[in-house]
Amino acid sequence: MVNIETPTSNQTSDVGTLQEERTALKPIERRIDYALVMGLGSAFALITAALIFGGSLPSFYNVPAIFIVLLGTVAVTMISFNLGDLCGAAIECLKMFFPKPHNMRYARQQVINLALLSKDHGILALDKLDSTLKNEPFLQRAVALVVDGNEENLLDRTLTREIYEINQNRQQSVLIIRRAAEVAPSMGLIGTLVGLIQLLGNLDSPSQIGPAMAVALLTTFYGAVLAYMIFAPVAAKLETDITRETAVNEIYKAGVISISKQEHIHFLETYLNTKVPGRL
Numbered sequence: 001m002v003n004i005e006t007p008t009s010n011q012t013s014d015v016g017t018l019q020e021e022r023t024a025l026k027p028i029e030r031r032i033d034y035a036l037v038m039g040l041g042s043a044f045a046l047i048t049a050a051l052i053f054g055g056s057l058p059s060f061y062n063v064p065a066i067f068i069v070l071l072g073t074v075a076v077t078m079i080s081f082n083l084g085d086l087c088g089a090a091i092e093c094l095k096m097f098f099p100k101p102h103n104m105r106y107a108r109q110q111v112i113n114l115a116l117l118s119k120d121h122g123i124l125a126l127d128k129l130d131s132t133l134k135n136e137p138f139l140q141r142a143v144a145l146v147v148d149g150n151e152e153n154l155l156d157r158t159l160t161r162e163i164y165e166i167n168q169n170r171q172q173s174v175l176i177i178r179r180a181a182e183v184a185p186s187m188g189l190i191g192t193l194v195g196l197i198q199l200l201g202n203l204d205s206p207s208q209i210g211p212a213m214a215v216a217l218l219t220t221f222y223g224a225v226l227a228y229m230i231f232a233p234v235a236a237k238l239e240t241d242i243t244r245e246t247a248v249n250e251i252y253k254a255g256v257i258s259i260s261k262q263e264h265i266h267f268l269e270t271y272l273n274t275k276v277p278g279r280l
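Letter 115 of the sequence shown, counting from 1, is numbered 115 in the numbering used here, and no numbers are missing.
Just so you know, the hints here were simulated from the structure itself, not pulled from any lab data. For clarity, every value in this text was computed on a predicted model and none was experimentally measured. Beta carbons are placed, not taken as given, at the ideal position from N, Cα and C, and that holds for glycine. A portion of the hints provided could be inaccurate.
Unchecked claim - Straight-line C-alpha distance at most 35 Å; calculated DSBU-like pairs for lysine-lysine:
id : residue 1 : residue 2
1  : Lys237    : Lys119
2  : Lys119    : Lys275
3  : Lys100    : Lys128
4  : Lys275    : Lys95
Unchecked claim - Quick list of the computed label-pair ranges, beta carbon to beta carbon:
id : residue 1 : residue 2 : range
5  : Lys134    : Glu263    : 21 to 31 Å
6  : Ala224    : Glu263    : 19 to 29 Å
7  : Lys275    : Pro58     : 50 to 60 Å
8  : Lys134    : Leu51     : 43 to 53 Å
9  : Tyr271    : Leu70     : 19 to 29 Å
10 : Ser186    : Ala236    : 12 to 22 Å
11 : Asn153    : Ile32     : 39 to 49 Å
12 : Leu196    : Ile66     : 49 to 59 Å
13 : Phe267    : Ile32     : 45 to 55 Å
14 : Ile91     : Leu200    : 38 to 48 Å
15 : Ala236    : Lys134    : 44 to 54 Å
16 : Lys134    : Ala247    : 56 to 66 Å
17 : Gln208    : Lys100    : 50 to 60 Å
All chains should be built: construct the whole structure from the sequences, respecting the hints.
As structure tokens, then:
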């Protein structure tokens, strides 16, 4: 006859406590960036409104000028980088509308919760958090390294290298977008020259002067809009996001190293408080 052991009240309490502490580790979620959407929308709305009130909106639409500036900017930028980097930059731009928030105070609390869980239930209990941390791949990999029993020096080297690689990969996207911001006005200037050449070549044909002048002026306008209303602000915003992500990952790195060393929770909390500014 097989004896079936009934869980004791202490075991049941431990399981319940573990579940409660796991729920304290809330998975991070992507949210729409209203500042980006409102900023871009407001900028284009102001220009469109000014053109409508001026009664000249249709005159600002010119297909040849769009081809020269937009497609020309894309083509020239492609010359400077490989296809993989360009695809990565495009993905980064799309993700900016639904970014993953990099909040240092949130990161600090996540690390403290992990440390408490490790202290109460052992480091191996962190292995059960894989699904909870799925939206934070860096922290997920860092916790996996701790659970595997890697020593402090290896953790430090591995995570430092990963932070550097993440930073470099995303900075490449910033470089591409900034390059596009430099190219767009130049393509506008090229379009202006094309329009002027067409104009001078058709002085004896008044019907051709208007379209040629439109190309000459609108390419400059389109180039300025692309560079200073889209590419430059997007590059600056992406660079800010990279800086925040690096700071958050540094907090995660310090936290998991402290957990691997089984340092006192108050020491970790004090250290993190010196790293996290009050408003972030």
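Hints that the structure is at odds with (numbers, increasing): 1, 6, 9, 12, 13, 15 and 16
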